[in-house]
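> Chain by chain, the residues run as shown.
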Amino acid sequence: MSRVDTVRKLAARMTTPLLPDDYLNMLNPLWSARELRGKIIQVIPETDDAATLVIQPGWGWAPTYQAGQYVGIGVEVGGKFHWRSYSISSTPTDSPTASGARARYRAGKLTITVKAMPEGFLSEHLVRGLEPGTIVRLALPQGEFVLPDPPPAKILFWTGGSGITPVMSMLRTMDRRGTMTDVVHVHSAPTADAAIFRQERLALAERHPSLTLIENFDDQHGLLDVRRLTEVCPDWRSRQAWVCGPAPMMAAAEEEWGRARLGKQLHLERFSVALTASAEGGHVTFSVSGKEADVDGATTLLEAGEAAGIQMPFGCRMGICHTCIVPLKKGVVKDLRNGAEYTENAGVQTCITAAAGDCSLAI
Amino acid sequence: MAIADVAAFTHLSDQEVEAFGAELDAIRRDIEDARGDTDAAYIRRMIALQRRLMVAGRVTLFASSFPPAWVAGTAMLSAGKILENMEIGHNVMHGQWDWMNDPEIHSGTWEWDNTCPAEQWKHSHNFVHHTFTNVLGRDNDVGYGILRVTSDQKWHPINLGQPVYNALLALFFEWGVALHDLDIEAIRKREKDPVEMKRQLKGIWRKIRRQVTKDYIVFPALSGPNFVTTLTANVTSNLVRNLWSYMIIFCGHFPDGAEKFDESELEDETKAEWYLRQLLGSANFSGSRFLQVMAGSLGYQIEHHLFPDLPSNRYPEIAERVQALCTKFKVPYTVGPLYRQYGQTLRTILRLSLPTRTEAPEPDLPRPKRARPEQLRAHAGTVAPQAAVA
Numbered sequence: 001m002s003r004v005d006t007v008r009k010l011a012a013r014m015t016t017p018l019l020p021d022d023y024l025n026m027l028n029p030l031w032s033a034r035e036l037r038g039k040i041i042q043v044i045p046e047t048d049d050a051a052t053l054v055i056q057p058g059w060g061w062a063p064t065y066q067a068g069q070y071v072g073i074g075v076e077v078g079g080k081f082h083w084r085s086y087s088i089s090s091t092p093t094d095s096p097t098a099s100g101a102r103a104r105y106r107a108g109k110l111t112i113t114v115k116a117m118p119e120g121f122l123s124e125h126l127v128r129g130l131e132p133g134t135i136v137r138l139a140l141p142q143g144e145f146v147l148p149d150p151p152p153a154k155i156l157f158w159t160g161g162s163g164i165t166p167v168m169s170m171l172r173t174m175d176r177r178g179t180m181t182d183v184v185h186v187h188s189a190p191t192a193d194a195a196i197f198r199q200e201r202l203a204l205a206e207r208h209p210s211l212t213l214i215e216n217f218d219d220q221h222g223l224l225d226v227r228r229l230t231e232v233c234p235d236w237r238s239r240q241a242w243v244c245g246p247a248p249m250m251a252a253a254e255e256e257w258g259r260a261r262l263g264k265q266l267h268l269e270r271f272s273v274a275l276t277a278s279a280e281g282g283h284v285t286f287s288v289s290g291k292e293a294d295v296d297g298a299t300t301l302l303e304a305g306e307a308a309g310i311q312m313p314f315g316c317r318m319g320i321c322h323t324c325i326v327p328l329k330k331g332v333v334k335d336l337r338n339g340a341e342y343t344e345n346a347g348v349q350t351c352i353t354a355a356a357g358d359c360s361l362a363i
Numbered sequence: 001m002a003i004a005d006v007a008a009f010t011h012l013s014d015q016e017v018e019a020f021g022a023e024l025d026a027i028r029r030d031i032e033d034a035r036g037d038t039d040a041a042y043i044r045r046m047i048a049l050q051r052r053l054m055v056a057g058r059v060t061l062f063a064s065s066f067p068p069a070w071v072a073g074t075a076m077l078s079a080g081k082i083l084e085n086m087e088i089g090h091n092v093m094h095g096q097w098d099w100m101n102d103p104e105i106h107s108g109t110w111e112w113d114n115t116c117p118a119e120q121w122k123h124s125h126n127f128v129h130h131t132f133t134n135v136l137g138r139d140n141d142v143g144y145g146i147l148r149v150t151s152d153q154k155w156h157p158i159n160l161g162q163p164v165y166n167a168l169l170a171l172f173f174e175w176g177v178a179l180h181d182l183d184i185e186a187i188r189k190r191e192k193d194p195v196e197m198k199r200q201l202k203g204i205w206r207k208i209r210r211q212v213t214k215d216y217i218v219f220p221a222l223s224g225p226n227f228v229t230t231l232t233a234n235v236t237s238n239l240v241r242n243l244w245s246y247m248i249i250f251c252g253h254f255p256d257g258a259e260k261f262d263e264s265e266l267e268d269e270t271k272a273e274w275y276l277r278q279l280l281g282s283a284n285f286s287g288s289r290f291l292q293v294m295a296g297s298l299g300y301q302i303e304h305h306l307f308p309d310l311p312s313n314r315y316p317e318i319a320e321r322v323q324a325l326c327t328k329f330k331v332p333y334t335v336g337p338l339y340r341q342y343g344q345t346l347r348t349i350l351r352l353s354l355p356t357r358t359e360a361p362e363p364d365l366p367r368p369k370r371a372r373p374e375q376l377r378a379h380a381g382t383v384a385p386q387a388a389v390a
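Residue numbers (the numbering used here), protein chains in the order written: chain S, 1 to 363; chain E, 1 to 390.
Source of the hints: derived by calculation from the structure; they are not laboratory data. Glycine is no exception: its CB is placed at the ideal position from the N, C-alpha and C atoms. Careful: at least some of the hints might be erroneous.
Here are the simulated lysine-lysine pairs, BS3-like style, with alpha carbons at most 30 Å apart [stated by the list, open to error]: (1) E:K271 / S:K9; (2) E:K202 / S:K9; (3) S:K264 / S:K80.
Take a look, some chain E residues computed to stay more than 12 Å from chain S by CB distance [as the list claims (entries may be wrong)]: (4) A8; (5) I47; (6) S65; (7) I146; (8) R199; (9) Q200; (10) V218; (11) F219; (12) L243; (13) P316; (14) T327.
Covered stretches of chain S (in silico footprint by chain E; criterion: 3 or more residues with CB under 8 Å from a CB of chain E, positions within the stretch not fixed) [what the hints assert, rightly or not]: (15) 18–31; (16) 68–79; (17) 345–358.
Could you build all of it, start to finish, from the sequences and the hints given here?
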């Protein structure tokens, strides 16, 4: 056990049932490892509807994420925390001192880049309504859409719109580590002005002869579909590909690579999967017990779990006692009494909620 | 006598009972929709105030051999513990703040400054007591397995000791709460599962060890030469918290007018009838905003039982609507000043230590108070600005 942990454990003898963090964060909101926190340092406008948030993470943050991973960010609006996941656009810290217990108390800054979506009230708030100094909650970085180190010899990045963010982290990482291999980056945006990080990418391409940048501006050149992609990058079959963008674009890529039997070379990031909140019922995964069930919109999650043979916690079965709460990991569930919806990272009362689309519960 | 049918008791038709329930559902929806920034700010302010009181109290007590420091430190510690148990812990564990989606202020994660483990409290209180409120044989809070609080409970010579049991429970209230979920009644009847009992005892032991180490070893030791005076201060603050929370909690369901129910009431009970049972089984007390906050908003016991998971800072406005509803449906709404509610409770406990002449009805106790609007206003108390307590 590190010295930091020993001190914390001793201090907890004084603060029980609370943690030392519960008192320390009254002095500085970032001094708590209980729930990961971050402070918005700066909001940098990138385009008309996208902004980069520079975040100073608090205690407990792991600075050793991989380029391409995403992070959950919880923002308080109307007294309530709302969670969304965004790709990290900064590069991970990779100095040898970055690991271990000490590093968890001194992490470097983190950036995510958010595009305001029509009807996306949270992305809109993040891009236009967030004041520097705001404290947000963070979830540990995760995701399989990552760049290996060292990177493969031949790479294709195909991105559209805000799908650029995880790839930007990869490009910056290769730039900083001096490991830029033979990279072709095809990026689509509606116009040159709407293309996020354009100046930085042009500068990178200038600095690294092995990086080929192909830009497509939809308003000017028309949509760049998978057929045109194979034309602009004829040797795509010999490259490891990372594709991130609108859902139809990724579906087309999956089909094309599948047809060529090159599925293993294709890496997809499905961060923009639409929330199917209006759905009734769905496929429920009970992630801890490894059980699954297809349920309708009138069956409570408690009944669904019990029918699947899981020892679900329960009490009053009428929504008052909060004994049956289980963490919702993915998807949306609906309160059958008033139609209120709960999304990922919420604890839900299973006795009065039903699946609104596919969802996953941690039990 | 215990009520077997709430609708018959209140002379309401089935349709009227359902209409009454629908109105309460509407109140619930309105409050759910209104929850927002100001509510979140309220609980955060309360938590910050409580933590500052704890820090200030502990630090002051490092000088506990100096009598004014002992008094000030003990007062701050007592107030901090009362706030933590009553307005914060009890209400957070009810899920009143779960809507904020903040794991640090959530029923699933909260652990309170009390020897009773949160997990066991949530079972005995949130589930058993709040679901089967005042149903004889189902709600262990009717006398807590050691007191006879209604003539519906059969007299036994052991009840002669009630005045003593009552005093001991008041003094050692947190320890009584710690053991409550074990279900003394079930142990006595040898119906308790030994494996479950062992698991519960382990949890209680772990919690007690942590609490006792903190209050009676770590902080006295940190005071160095003032070990003994800090120890007495900490014992006193736990005692003050015990006496206060005992009194407040005993005013919830034992004053006159808080009805008890027969198990047959539970058969086919609708949500509306459940509401009615909560209303008839609970008693409010009036008092200033400061008193209400220190009481964990339990002066609004009726509103708390109707909506145990709505934020406590909303109870005053809910109470206005519930009272209006009771007037409209001519349903009793029990409220009185704290001294009277506790006086009635104490009198009942003392009187029922002796056998009752007849099994029913209540021994010449006054009839439950019917709420008349002018009376309710008189009891509403003055509402101090919230800043006064935060």
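> Each hint should be assessed against the structure and marked as holding or not.
Now for the hints, and whether the structure bears them out:
1. Of the pairs offered as hints, the one joining K271 (chain E) and K9 (chain S) is violated, with about 47 Å between alpha carbons and a cut-off of 30 Å exceeded.
2. This hinted pair checks out: K202 (chain E) and K9 (chain S) have alpha carbons roughly 21 Å apart, not beyond 30 Å.
3. Taking the CA atoms of K264 (chain S) and K80 (chain S), the gap is near 41 Å; set against the 30 Å cutoff, the hint is violated.
4. Against the 12 Å criterion, A8 (chain E) stays outside the reach of chain S, whose nearest CB is about 23 Å from its own CB.
5. Once the 12 Å rule is applied to beta carbons, I47 (chain E) is inconsistent with being away from chain S; the minimum gap is 9 Å.
6. Annotated as non-interface, S65 (chain E) keeps its C-beta farther than 12 Å from every C-beta of chain S; the closest such distance is 20 Å.
7. The non-interface label for I146 (chain E) is consistent with chain S: the shortest C-beta to C-beta separation is roughly 24 Å, beyond 12 Å.
8. For R199 (chain E), the requirement that its beta carbon stay farther than 12 Å from each beta carbon of chain S is met, with the minimum near 15 Å.
9. In this structure Q200 (chain E) is separated from chain S by more than 12 Å, as the shortest Cβ-Cβ distance comes to about 15 Å.
10. With a least CB separation of 5 Å from chain S, V218 (chain E) falls inside the 12 Å interface cut-off, contrary to its annotation.
11. Separation of F219 (chain E) from chain S is inadequate, the least Cβ-Cβ distance of about 7 Å not exceeding the 12 Å criterion.
12. Remark: the non-interface label on L243 (chain E) is consistent with the geometry, its nearest Cβ contact in chain S lying 21 Å away (cut-off 12 Å).
13. For P316 (chain E), the non-interface assignment is confirmed: its Cβ lies about 19 Å from the closest Cβ of chain S, beyond the 12 Å cut-off.
14. Here T327 (chain E) stays apart from chain S, with its beta-carbon at least about 25 Å from theirs, past the 12 Å limit.
15. With 4 residues having a beta carbon nearer than 8 Å to a beta carbon of chain E, the region 18–31 of chain S meets the requirement of three or more and the stated coverage holds.
16. For a cut-off of 8 Å, the count of residues in the region 68–79 of chain S with a CB near a CB of chain E stands at 4, and the three-residue condition holds.
17. Only residues whose C-beta sits within less than 8 Å of a C-beta in chain E count toward coverage, and the region 345–358 of chain S has 4 of them, enough to reach three; the restraint holds.
In summary, the structure is inconsistent with hints 1, 3, 5, 10 and 11 from the numbered list given earlier, while agreeing with the others.
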